[in-house]
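Peer 1: Each chain, written out:
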Amino acid sequence: MSLFQLWAFIVKEALDKSFLVAKFFCAVHVTDTYLCSTALVHGPSMLPTFNLTNEIVLLERISTQNGKAGPGDVVVLRSPENPRKFVTKRIIGTEGDNITYIVDPKNSDRTETIIVPKGHVWVQGDNIYNSYDSRNFGPVPYGLLQGKVFWRIWPAGVFGSIGRRPETVDPALKVVEQSNPS
Amino acid sequence: MKGRRLFTYSGGSVISNSEFIWMGMPNTIMKMFNKSIVFGLVGITVTDRYAGVCPIRGSSMSPTFNPSLESFTDDYVFLEKFCLDKYKFSHGDVVIFSDPTNYKERCVKRIVAMEGDYVSNVNGAVKVPEGHCWVEGDNSAFSSDSRTYGPIPLGLIRGRVTHVIWPPQRMKKVDRRIPQEGFAF
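Residue numbers (my numbering), protein chains in the order written: chain A, 3 to 184; chain B, 7 to 191.
Calculated from the structure, these hints are not laboratory results. Given the structure is predicted, the values throughout are model-derived calculations rather than measurements. Cβ atoms here follow ideal geometry from the backbone N, Cα and C, with glycine treated the same way. Treat each hint with caution, since some may be false.
To be verified - Now the stretches of chain B that chain A is said to cover, found in silico as 3 or more residues with beta-carbon under 8 Å:
#1 133 to 140
#2 159 to 173
To be verified - Partial chain B-side listing against chain A, Cβ under 10 Å, derived:
#3 G46
#4 L47
#5 V48
#6 T51
#7 P106
#8 T107
#9 E121
#10 Y155
As the list claims (entries may be wrong) - No more than 30 Å apart at the CA atoms, straight line, and that leaves these computed lysine-lysine pairs for DSBU-like:
#11 A:K25 with B:K110
#12 A:K87 with A:K120
#13 B:K110 with B:K87
#14 A:K87 with B:K92
#15 B:K110 with B:K133
#16 A:K14 with B:K37
#17 A:K120 with B:K110
#18 B:K133 with A:K120
#19 A:K25 with B:K87
#20 A:K25 with B:K37
#21 B:K41 with A:K25
#22 B:K178 with B:K110
#23 B:K87 with A:K70
#24 A:K25 with A:K87
#25 B:K87 with A:K87
#26 B:K179 with B:K92
#27 A:K87 with A:K108
#28 A:K120 with B:K92
#29 A:K120 with B:K87
#30 A:K87 with B:K133
#31 B:K110 with A:K70
#32 B:K133 with B:K94
#33 B:K94 with B:K179
#34 B:K41 with A:K14
#35 B:K110 with B:K92
#36 B:K110 with A:K87
#37 B:K133 with A:K108
#38 A:K87 with B:K94
#39 A:K19 with B:K37
#40 B:K94 with A:K120
Using the sequences plus the hints, can you model the full thing?
Peer 2: What follows is the structure in structure tokens.
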């Protein structure tokens, strides 16, 4: 083969391989955006459902795209205060629901009631003593929801599905938070 | 060069029933199917991540888009999605976002005020909270925007409009422009 033919062959091979990589990347993007994705969860706001340490969860995008995510579901959403940050909370109510919530459970028992406006959801962390959620930033437009968490895959000890009701918060958790300088 | 070998079989080997059915399906249909799936995946990825085209309905952004009701066709605009990487927007950007009252609908409006600015509304001065922006349509009389539903979180934005690309006589770049009445102060 002449030098030119060899060179043409190499270029063609390189182009073929890069097209293959590009197609694979597009397939991954479509699956990640429209079907199923993963997320890293950390922080105290969803105790006892999720631990303080990092956990990896699977989230499915089909429910939130079709409007099927409802009260009791744990969802990942973009924070209304910082669009580059994702938070994991549980939906407590959807549009039209009457929500009565304790404003600041660590310091008082004062409650407030609100009706969730159209097109919005009310989200709260399972650990209401240490959660920055709709009680602070108000009801969240449905368009900010990214996906519904349905399975935990890491650490191996907590592999399994997520319940629809928050597991009862042990009042002793309040003590744990105070002794943990975070 | 692969020929269309539909009803032949190699050598003298005997073929089973299932093989015969598969060889009956033309190669070209499988190839077209394959190509259209790949084309669809690539198209979806490019539209989600880089740029897209979108029609504008309604007259809330007249005269920037759809200046008259009698035009034959809606304006089509080119929108870019690179802005969704860092969410850095400025005053005067025309953006497309999910309607806060109905997530299935998209709206196109202009950003008039960013977080920290004060906007004078019918009820007095409103401070735009962190992570939000105040959007208004250029055609104030016929636009349902932040004056109705308040400031919107930046996370709802789906793209930034840069050019009008159809109809041909209205092709132009969409500029950043603050309305003359200047709300933000």
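Peer 1: Hints first: check each against the structure and report whether it holds.
Peer 2: Right, here's what the structure says about each hint:
Requiring three or more residues with a Cβ within less than 8 Å of a Cβ of chain A, the coverage given for the region 133 to 140 of chain B holds, as 4 such residues are present. With a threshold of 8 Å between beta carbons, the proposed coverage of the region 159 to 173 of chain B by chain A holds, since 5 of its residues qualify and at least three are required. Taking 10 Å as the C-beta contact cut-off toward chain A, the hint placing G46 (chain B) at the interface holds, the least distance being around 8 Å. With its C-beta approaching chain A no nearer than about 4 Å, L47 (chain B) sits inside the 10 Å limit, and its interface hint holds.
Look at V48 (chain B): its Cβ gets to within about 5 Å of chain A, closer than 10 Å, so that hint holds up. Checking T51 (chain B) against chain A: minimum C-beta separation of about 4 Å stays under 10 Å; hint holds. A distance limit of 10 Å between C-beta atoms decides the matter here; for P106 (chain B) the minimum to chain A is near 4 Å, and the interface restraint holds. Interface restraint check: T107 (chain B) against chain A, minimum CB-CB distance 4 Å, threshold 10 Å, status holds.
Checking E121 (chain B) against chain A: minimum C-beta separation of about 9 Å stays under 10 Å; hint holds. Nearest Cβ of chain A to the Cβ of Y155 (chain B): about 8 Å, under the 10 Å cut. The hint holds. With a C-alpha separation of about 29 Å, the suggested pair K25 (chain A) and K110 (chain B) falls inside the 30 Å cut-off, and the hint holds. Of the supplied pair hints, the one linking K87 (chain A) and K120 (chain A) holds, its CA atoms being roughly 24 Å apart against a limit of 30 Å.
Between the alpha carbons of K110 (chain B) and K87 (chain B) the distance comes to roughly 19 Å, so the proposed pair stays at or under 30 Å and holds. Note on K87 (chain A) and K92 (chain B): the hinted pairing holds, with a Cα-Cα distance of about 11 Å set against a maximum of 30 Å. At roughly 28 Å between alpha-carbon atoms, K110 (chain B) and K133 (chain B) fall within 30 Å of each other, so this suggested pair holds. A threshold of 30 Å between alpha carbons decides the hint, and for K14 (chain A) with K37 (chain B) the separation of about 20 Å falls inside it, so the pair holds.
With a C-alpha separation of about 13 Å, the suggested pair K120 (chain A) and K110 (chain B) falls inside the 30 Å cut-off, and the hint holds. Taking the CA atoms of K133 (chain B) and K120 (chain A), the gap is near 22 Å; set against the 30 Å cutoff, the hint holds. At roughly 20 Å between alpha-carbon atoms, K25 (chain A) and K87 (chain B) fall within 30 Å of each other, so this suggested pair holds. For the hint pairing K25 (chain A) with K37 (chain B), the CA-to-CA distance comes to about 15 Å; that is within 30 Å, so the pair holds.
Annotation: proposed proximity of K41 (chain B) to K25 (chain A) holds, straight-line Cα distance about 11 Å (limit 30 Å). Note on K178 (chain B) and K110 (chain B): the hinted pairing holds, with a Cα-Cα distance of about 29 Å set against a maximum of 30 Å. Taken as a hint, the K87 (chain B) and K70 (chain A) pair is honoured in the structure, with Cα atoms around 27 Å apart against an allowance of 30 Å. Taking the CA atoms of K25 (chain A) and K87 (chain A), the gap is about 29 Å. The hint holds against a cut of 30 Å.
About 18 Å separates the Cα atoms of K87 (chain B) and K87 (chain A), which keeps this hinted pair within 30 Å; it holds. Under the criterion of a C-alpha separation no larger than 30 Å, the hint pairing K179 (chain B) with K92 (chain B) is consistent with the structure, at around 23 Å. Taken as a hint, the K87 (chain A) and K108 (chain A) pair is honoured in the structure, with Cα atoms around 26 Å apart against an allowance of 30 Å. The hinted pair formed by K120 (chain A) and K92 (chain B) meets the criterion: a straight-line CA distance of about 29 Å does not exceed 30 Å.
For the proposed pair K120 (chain A) and K87 (chain B), the alpha carbon gap of about 27 Å is at most 30 Å, so the pair holds. As the CA atoms of K87 (chain A) and K133 (chain B) are separated by approximately 22 Å, the hinted pair is consistent with the 30 Å bound. Among the hinted pairs, K110 (chain B) with K70 (chain A) is consistent with the structure: their alpha-carbon atoms are about 13 Å apart, no more than 30 Å. Proximity of K133 (chain B) to K94 (chain B) is assessed by CA-CA distance (about 19 Å); at most 30 Å being required, the pair is judged to hold.
Distance hint between K94 (chain B) and K179 (chain B) is fulfilled; the C-alpha atoms sit about 20 Å from each other, no more than 30 Å. Between the alpha carbons of K41 (chain B) and K14 (chain A) the distance comes to roughly 19 Å, so the proposed pair stays at or under 30 Å and holds. Of the supplied pair hints, the one linking K110 (chain B) and K92 (chain B) holds, its CA atoms being roughly 24 Å apart against a limit of 30 Å. Distance restraint check for K110 (chain B) and K87 (chain A): the Cα-Cα separation of roughly 22 Å lies within the 30 Å cut-off, and the hinted pair is therefore satisfied.
Distance hint between K133 (chain B) and K108 (chain A) is fulfilled; the C-alpha atoms sit about 29 Å from each other, no more than 30 Å. Restraint check for K87 (chain A) and K94 (chain B): the C-alpha separation of about 14 Å stays at or below 30 Å, so the hint holds. Restraint check for K19 (chain A) and K37 (chain B): the C-alpha separation of about 19 Å stays at or below 30 Å, so the hint holds. A hinted pair counts as satisfied when its Cα atoms are at most 30 Å apart, and K94 (chain B) with K120 (chain A) qualifies at roughly 28 Å.
Violation of the numbered hints given earlier is absent; every hint is satisfied by the structure.
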